[in-house]
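S.K.: Sequence:
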Amino acid sequence: MRAVQVTEFGGPEVLKLVELPDPVAGPGEVLIDVERIGVNYADTHQAENSYLAPSKLPLVPGGEVVGRTADGRRVVALLNGGGGYAERAVAAEAMAFPLPEGIDDLTALSMLVQGATAWILLRKNVHLDAGESVVVHAAAGGVGTIAVQLAKAWGAGRVIATASSDEKRALALELGADVAVDSRAEDMTETLLEANGGKRVDVVLDMVGGTTTDQSLTALAPFGRLAFYGMAGRKQPKPVEPRNLLGHSTTVAGMWLPHVFRLPGNVFGTALTELFDLAAGGAIRAIPGGEYALADARGAHEALRSRGTIGKLLLDPTR
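Counting from 1, one number per residue, gives the positions in the sequence shown under the UniProt record's numbering.
Hints should not be assumed to be uniformly reliable.
Calculated pairs, DSBU-like style, for lysine-lysine (alpha carbon to alpha carbon, straight line, at most 30 Å) [as the list claims (entries may be wrong)]:
#1 199 x 235
#2 199 x 152
#3 56 x 16
#4 238 x 124
#5 238 x 199
#6 124 x 235
#7 124 x 199
#8 235 x 56
#9 124 x 152
#10 16 x 235
Distance windows between CB atoms, simulated [what the hints assert, rightly or not]:
#11 33 x 288: 19 to 27 Å
#12 16 x 154: 25 to 33 Å
#13 262 x 33: 50 to 58 Å
#14 240 x 16: 36 to 44 Å
These are calculated hints, taken from the structure and not from any lab test.
Predicted model only: the values in this text are computed from it and were never measured.
Each residue gets a CB set at the ideal place from its N, CA and C atoms; glycine is no exception.
Full structure from sequences and hints, please.
M.R.: Structure representation (structure tokens):
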């Protein structure tokens with residue numbers, strides 16, 4: 001089969017199209033003929049071995065696919081440890097979720113990781129209350145586009161989106177944000193306060209890192225919460241000192257999606273079911289970010305790392 005393999009860690013240049021033997025499903029697993037592959041920012045960290053879970057070489061990146069099982073079921077699947085950038089992939093049966101009628105490949109893959117991330121951030125990390133102000137950094141990205149829509153659907157009082165271009169800010173407003181500001185603002189604290197009518201903000205969803213995180217923390221209201229779920233800027237924020245948290249009774253949370261599967265009950269399944277229902281009813285929608293040939297996985301990673309993309313990026317394994 002055709003697959004993209006990494007044999008040395010690095011940037012997009014290490015992604016190479018190769019021929020590999022078909023994977024074999026073991027007990028409790030299912031073999032999937034892949035129709036579309038989801039691309040996540042985490043994949044870029046996986047390729048350079050900077051992800052929370054260490055990578056091992058050789059590596060086929062990719063953690064999510066849509067396709068059909070041998071018995072004809074259409075599923076969207078999470079893969080353990082990669083293997084998604086290929087014509088065929090193996091997933092644990094429990095991680096292959098049946099797709100409802102009317103849910104297309106783009107929507108399925110948008111909701112699987114990025115939609116579920118937004119759902120868990122808002123429901124489990126920050127426990128959003130109706131009427132609260134919510135800042136969504138990188139609001140035109142895969143998680144951001146869903147988070148803006150969910151926050152509005154769940155009664156946020158004011159949604160403040162940040163994005164780096166007029167096009168991205170216009171998209172965030174179209175999706176329901178009340179105001180959209182430039183993510184490159186020199187003083188993000190002041191920018192967020194101004195966007196919130198001079199008041200401190202209640203909730204921040206942050207996957208940027210660096211000074212964006214630092215300045216967002218200082219914009220939090222008493223009992224405000226910042227949920228940190230990535231570091232696209234690849235720069236560490238300053239260490240958080242407990243005495244500074246006392247200053248405004250603020251909370252800083254972190255979220256890594258694999259930990260959700262350690263929770264009691266089927267939290268991930270609940271999130272996915274609700275997201276598919278919302279999408280089917282038109283309350284939220286997936287935003288296409290571009291479809292790349294499997295042979296051009298490097299191009300997809302270059303686009304993601306440039307921070308110039310919107311919505312959800314896909315790979316087509318037939319090309």
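S.K.: Which numbered hints are broken by the structure, listed smallest first?
M.R.: Of the numbered hints given earlier, those the structure breaks are 12, 13, listed in rising order.
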